[in-house]
Amino acid sequence: MGSDRAERSSIVILDLYVNQIDPPASMSDITKKSEEQEAAEAEVERFRKNLGPFVVAAETTRMAMVFADATEPHNPLIFANDAFLSLTGYDREEVLGKSFNFLMAHGADAEALARIKNAFEGTSNGGAEVLYRRKDGSEFWTGLFISPVYDGHGNLVQYFASFVDLTLYKENEAKSKRLIDELNHRVKNTLATVQSIVWQAMRTASGPQLIREAIESRLFALSRSHDLLTRENWESAGLFDIVHDALEPFEGAKRIVIKGENIRFAPKSALALGIVFNELATNAVKYGALSNDEGSILIEWTMEPTPENTRLSLHWQEKDGPPVLTPSRIGFGSRVIERSLSHELEGTVNLDFRPDGLACTMTIPMPRVTRGR
Amino acid sequence: MADKLLSGRRVLVVEDETLILMMIEGMLTDLGCESVTAAATVDKALALIDTQVFDAAMLDMNMNGNTSHSVAEALVARGVPFVYCTGNDGHEITGANHDWPVLKKPFKDEQLAEILRRLLSPD
Numbered sequence: 000m001g002s003d004r005a006e007r008s009s010i011v012i013l014d015l016y017v018n019q020i021d022p023p024a025s026m027s028d029i030t031k032k033s034e035e036q037e038a039a040e041a042e043v044e045r046f047r048k049n050l051g052p053f054v055v056a057a058e059t060t061r062m063a064m065v066f067a068d069a070t071e072p073h074n075p076l077i078f079a080n081d082a083f084l085s086l087t088g089y090d091r092e093e094v095l096g097k098s099f100n101f102l103m104a105h106g107a108d109a110e111a112l113a114r115i116k117n118a119f120e121g122t123s124n125g126g127a128e129v130l131y132r133r134k135d136g137s138e139f140w141t142g143l144f145i146s147p148v149y150d151g152h153g154n155l156v157q158y159f160a161s162f163v164d165l166t167l168y169k170e171n172e173a174k175s176k177r178l179i180d181e182l183n184h185r186v187k188n189t190l191a192t193v194q195s196i197v198w199q200a201m202r203t204a205s206g207p208q209l210i211r212e213a214i215e216s217r218l219f220a221l222s223r224s225h226d227l228l229t230r231e232n233w234e235s236a237g238l239f240d241i242v243h244d245a246l247e248p249f250e251g252a253k254r255i256v257i258k259g260e261n262i263r264f265a266p267k268s269a270l271a272l273g274i275v276f277n278e279l280a281t282n283a284v285k286y287g288a289l290s291n292d293e294g295s296i297l298i299e300w301t302m303e304p305t306p307e308n309t310r311l312s313l314h315w316q317e318k319d320g321p322p323v324l325t326p327s328r329i330g331f332g333s334r335v336i337e338r339s340l341s342h343e344l345e346g347t348v349n350l351d352f353r354p355d356g357l358a359c360t361m362t363i364p365m366p367r368v369t370r371g372r
Numbered sequence: 000m001a002d003k004l005l006s007g008r009r010v011l012v013v014e015d016e017t018l019i020l021m022m023i024e025g026m027l028t029d030l031g032c033e034s035v036t037a038a039a040t041v042d043k044a045l046a047l048i049d050t051q052v053f054d055a056a057m058l059d060m061n062m063n064g065n066t067s068h069s070v071a072e073a074l075v076a077r078g079v080p081f082v083y084c085t086g087n088d089g090h091e092i093t094g095a096n097h098d099w100p101v102l103k104k105p106f107k108d109e110q111l112a113e114i115l116r117r118l119l120s121p122d
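Residue numbers (numbering that gives the first Met the number 0), protein chains in the order written: chain A, 0 to 372; chain B, 0 to 122.
Misleading hints may appear alongside valid ones.
[What the hints assert, rightly or not] Where chain B lies over chain A, by a calculated footprint (3+ residues, C-beta under 8 Å):
id: 1; region: 134–145
id: 2; region: 184–190
id: 3; region: 198–209
Calculated directly from the structure, the hints in this document are not laboratory data. Please read these numbers as outputs of a predicted model, since none were measured by experiment. All C-beta atoms in this analysis are idealised placements derived from N, C-alpha and C, irrespective of residue type, glycine included.
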């Protein structure tokens, strides 16, 4: 099989070289140049004998390659390998004789033409990046490398050009640009969130110690939510994991029972819920069921179908803590809980300061519910 | 800290992150604004612009991945001056209506006040 292929390839090469050395000519030219022609044919034969295996390699390699005639204007193609044909979608007879630049997606792109010219003159480093167009109209980026080919007399007769398909590279480049932009956007929003946390702490807490605690508690909550989302590739996070990770660092976390499906939430909602559960736990440690040794918290949720969508119904119930007093004013924690639910999650929340323990009920519509994996 | 130009003003804040919104509300209240109305989604913002009167608006450019062009258009149609608010770099702001100022997050309350004063001053 390999030898068949090699033979076919050699024949193609030979034909091409004869074409190149023997351009269409008038009758008088042919008689006049017959000696020259003989010499040229001998040259091709010698070239083929000497370089035959390399030409076969050029034909069969998976790297797209062409030879272009250096003696004609516009450097028409005289050889194209299979890889070039599969890269461009053309048949061999469609490309041979065409100008070297026929594939350019934007033929008048002066910068690209200059890059190609530099590549021909050997003044470019590492090849030129050019946008080409396939037969089917689709465009692709390629890295173009050009080497001059000289005959035995030192005359420039051909250019040898190879093409590296840069499609994947360009896609990755664009993807990493998008990721950097997205990262920058997230960082700036996170910094604004941190600014808000500091700002609120300075307004509501009194004394450096309390201010520091208020800031740190929320920064750590934000950090844990980021950890969880990073483990999930920032695609989504499960509710069980969100609640668990938010409460886990609190003293008395062993007295918290969490029951519910790991319903998936989008990153932004997961961050909001992380803050909410951090505020509830902070309150429980300060005043509620986690402020003594006996208290406990049960957190459970169910999904309820509604005419329009599905609704998450979550209950946070504290018991056996010290007697609960209704706060005299609505603190920042309560406001964050209320606003996060209503503003960001389009849900509702009810904080019921029952004497036997705080009961918090949340209702969150789940428009695009994704079940836990 | 209350500002003569801003006192009694009704401001719409279109911002989808609760903590950032709460800070902006606090800043605007400190500046003397009469009412601050918040929207977390493009749809809610459009509904509010349809039914309420605002003197000025703050508009996050990127609402949870959705651009807020339609909100900007609705504000222009109603003659409500606004300031864009974004976490992106200045030069990354594409397709935005360049007639309006841009506040880059995070920002100081003085910057917000300065921009609102410019938006609301009769020239």
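ask   = Looking back at the hints listed earlier, which ones does the structure fail to meet?
value = 1
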